[in-house]
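There are 2 protein chains.
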Amino acid sequence: MPVEITSRKNDLVKEMLHLSDSAAYRREKRMFAAEGARLCSDAARSGLRIDSLLYTGRAGEKYGSYLDAIRKASPAEYLVSQPVAAYLSGTRSPQGVFCVCAMPETGRPLPAAAKTLLVLEDMQDPANMGAVLRTAEALGIDGVLLCGSCCDAYSPKALRASMGAVFRVPLLRSDDAPAAVRRLNEAGFTTLAAVPDPSAVPVTSLRRGRPTAAVVGNEGSGLTRETQRACSVRVTIPMRGRAESLNAAASAAILMWEMTRAEAGGEGL
Amino acid sequence: MPVEITSRKNDLVKEMLHLSDSAAYRREKRMFAAEGARLCSDAARSGLRIDSLLYTGRAGEKYGSYLDAIRKASPAEYLVSQPVAAYLSGTRSPQGVFCVCAMPETGRPLPAAAKTLLVLEDMQDPANMGAVLRTAEALGIDGVLLCGSCCDAYSPKALRASMGAVFRVPLLRSDDAPAAVRRLNEAGFTTLAAVPDPSAVPVTSLRRGRPTAAVVGNEGSGLTRETQRACSVRVTIPMRGRAESLNAAASAAILMWEMTRAEAGGEGL
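These protein sequences, in sequence, are chains A and B.
Take the first sequence: its letter number 215 is residue 215 in my numbering, and every next letter is one higher.
Take the second sequence: its letter number 110 is residue 1110 in my numbering, and every next letter is one higher.
The reader is advised that the hints may include incorrect statements.
Said to hold, decoys possible - Each computed DSBU-like pair below joins lysine-lysine, with the alpha-carbon atoms no more than 35 Å apart:
1. A:K14 to A:K72
2. B:K1014 to A:K157
3. B:K1029 to A:K14
4. A:K62 to A:K72
5. A:K157 to B:K1062
6. A:K29 to A:K14
7. A:K157 to A:K29
8. B:K1014 to B:K1115
9. A:K62 to B:K1014
10. B:K1115 to B:K1157
11. B:K1062 to B:K1157
12. A:K62 to A:K29
13. A:K62 to A:K115
14. B:K1072 to A:K157
15. A:K157 to A:K115
As the list claims (entries may be wrong) - FRET-style restraints, in silico, Cβ to Cβ:
16. B:G1064 to A:A23: 49 to 57 Å
17. A:G64 to B:T1091: 38 to 46 Å
18. B:S1093 to A:S149: 18 to 26 Å
19. B:R1008 to A:H18: 35 to 43 Å
20. A:P83 to B:R1225: 24 to 32 Å
21. B:R1008 to A:R183: 13 to 21 Å
To be verified - From the structure, some residues in chain B lie toward chain A, with a derived Cβ separation under 10 Å:
22. L1012
23. R1030
24. A1127
25. G1140
26. A1161
27. I1237
28. S1251
29. T1260
Bear in mind the hints are in silico, worked out from the structure with no lab data behind them.
C-beta: ideal position from N, C-alpha, C; glycine also.
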């Protein structure tokens, strides 16, 4: 029988809340807390190291196959009471499944065959971040590089919005966006600065077959000038309506689509 | 001097909360409540009928030019105390500007020159709805048709996420999605059922120049079978990653992009 946790003052419970609440603490520990049967089992199936699994008795009955997948990756499991689950949860109707995971390593070299990358500079909204990672996964983007003051991809909101894509899309981090862009240029990438400027090159004019990185900026203020200058070319999504209406997640979706569309050789037009 | 409201029990305050909380009440009254200097002035500038403007003293000093635009469209204005503004607000740091607006008429005939439409069936999430309307506006989609059990585009969350696009994009409503699709077919539209099915026609194969409506379904379950059957063709966004990872807002963005891209005659590929 797993050990039972019934107190909010339990050390593991306190640790998990700290991990949920503080990006700085997550970075320091290189750990994060995940919630939900599907998300936790996604983490396990993606090969992340899991430290602890926590679940309620009800969740034990309901999510057996998910829990089995998590158990295989976790050295420790705990039963938690319903009130502790409610205390730990960021949602109104918690499923009662939680785990503590190790972040996958970042700073890895890019996959040698990488042809399509997304670079985000200073993206602030965790829901946007999660949505963008989901889209990157669906479209088969080879990696996402988070630069500057991007929000943390392992916050509860970003994890939830990413639907586990954060575990599967190769993620890299760099504090210095212009320097990261210059390294991509040197590695043979065409780096596309996404700007809402009708005089920039339309994204429909991308040439096929070359390694390409789309660089997308902050939700409110866009790319910094330094990063724009570091990029090989300024590109824009031709719009008929108000430019400000295309939000960062939609812009990133269309840019990633155009990169992979060009890569796949979109037919029929 | 405008009349001052300092009580939460004021009839107008109660009316506004009711409008914010209940989609049924909004439908019955054909009115909604909007919050925020920019959003309220967007409503006024878009030609909506405004019944009342409410603002705090602080907002009066800070948002003068926005308030002037709203005043021109509003027959009545009220000063509200800070506590009443906090009570009315759906946000943590309220700007202190509110108005009560009449919904624009729906059920209008489509613009005769309409060439690109988006049809949503059973879209449930107001943030998705707002984001989709924003993208529709940016890309110059001619109209959006909300079908079946779509969430209300005038809820506080949808209004906020749409950044006012809800006032500017022609919006129509229909309870019966398959019937609406059949009417579009009869009007000469190619209706595209968006499905995550690799055997469907790739969206990259769209032919140019024909009036086209993209039909997008519920976030979890997609389009109903009846609606799929009513459409002229089943189309899909070719994906390399996990199909389930492309969420409804991202799918709709890519479909609308492809429609307008084809319309504009995307060059360079």
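Structure-based check of all given hints:
no.: 1; hint: A:K14 to A:K72; verdict: 24 Å, holds
no.: 2; hint: B:K1014 to A:K157; verdict: 32 Å, holds
no.: 3; hint: B:K1029 to A:K14; verdict: 49 Å, violated
no.: 4; hint: A:K62 to A:K72; verdict: 18 Å, holds
no.: 5; hint: A:K157 to B:K1062; verdict: 32 Å, holds
no.: 6; hint: A:K29 to A:K14; verdict: 14 Å, holds
no.: 7; hint: A:K157 to A:K29; verdict: 19 Å, holds
no.: 8; hint: B:K1014 to B:K1115; verdict: 42 Å, violated
no.: 9; hint: A:K62 to B:K1014; verdict: 42 Å, violated
no.: 10; hint: B:K1115 to B:K1157; verdict: 29 Å, holds
no.: 11; hint: B:K1062 to B:K1157; verdict: 24 Å, holds
no.: 12; hint: A:K62 to A:K29; verdict: 31 Å, holds
no.: 13; hint: A:K62 to A:K115; verdict: 42 Å, violated
no.: 14; hint: B:K1072 to A:K157; verdict: 41 Å, violated
no.: 15; hint: A:K157 to A:K115; verdict: 29 Å, holds
no.: 16; hint: B:G1064 to A:A23: 49 to 57 Å; verdict: 38 Å, violated
no.: 17; hint: A:G64 to B:T1091: 38 to 46 Å; verdict: 41 Å, holds
no.: 18; hint: B:S1093 to A:S149: 18 to 26 Å; verdict: 21 Å, holds
no.: 19; hint: B:R1008 to A:H18: 35 to 43 Å; verdict: 37 Å, holds
no.: 20; hint: A:P83 to B:R1225: 24 to 32 Å; verdict: 43 Å, violated
no.: 21; hint: B:R1008 to A:R183: 13 to 21 Å; verdict: 57 Å, violated
no.: 22; hint: L1012; verdict: 30 Å, violated
no.: 23; hint: R1030; verdict: 25 Å, violated
no.: 24; hint: A1127; verdict: 8 Å, holds
no.: 25; hint: G1140; verdict: 3 Å, holds
no.: 26; hint: A1161; verdict: 9 Å, holds
no.: 27; hint: I1237; verdict: 8 Å, holds
no.: 28; hint: S1251; verdict: 9 Å, holds
no.: 29; hint: T1260; verdict: 7 Å, holds
When held up to the earlier numbered hints, the structure conflicts with 3, 8, 9, 13, 14, 16, 20, 21, 22 and 23 and fits the remainder.
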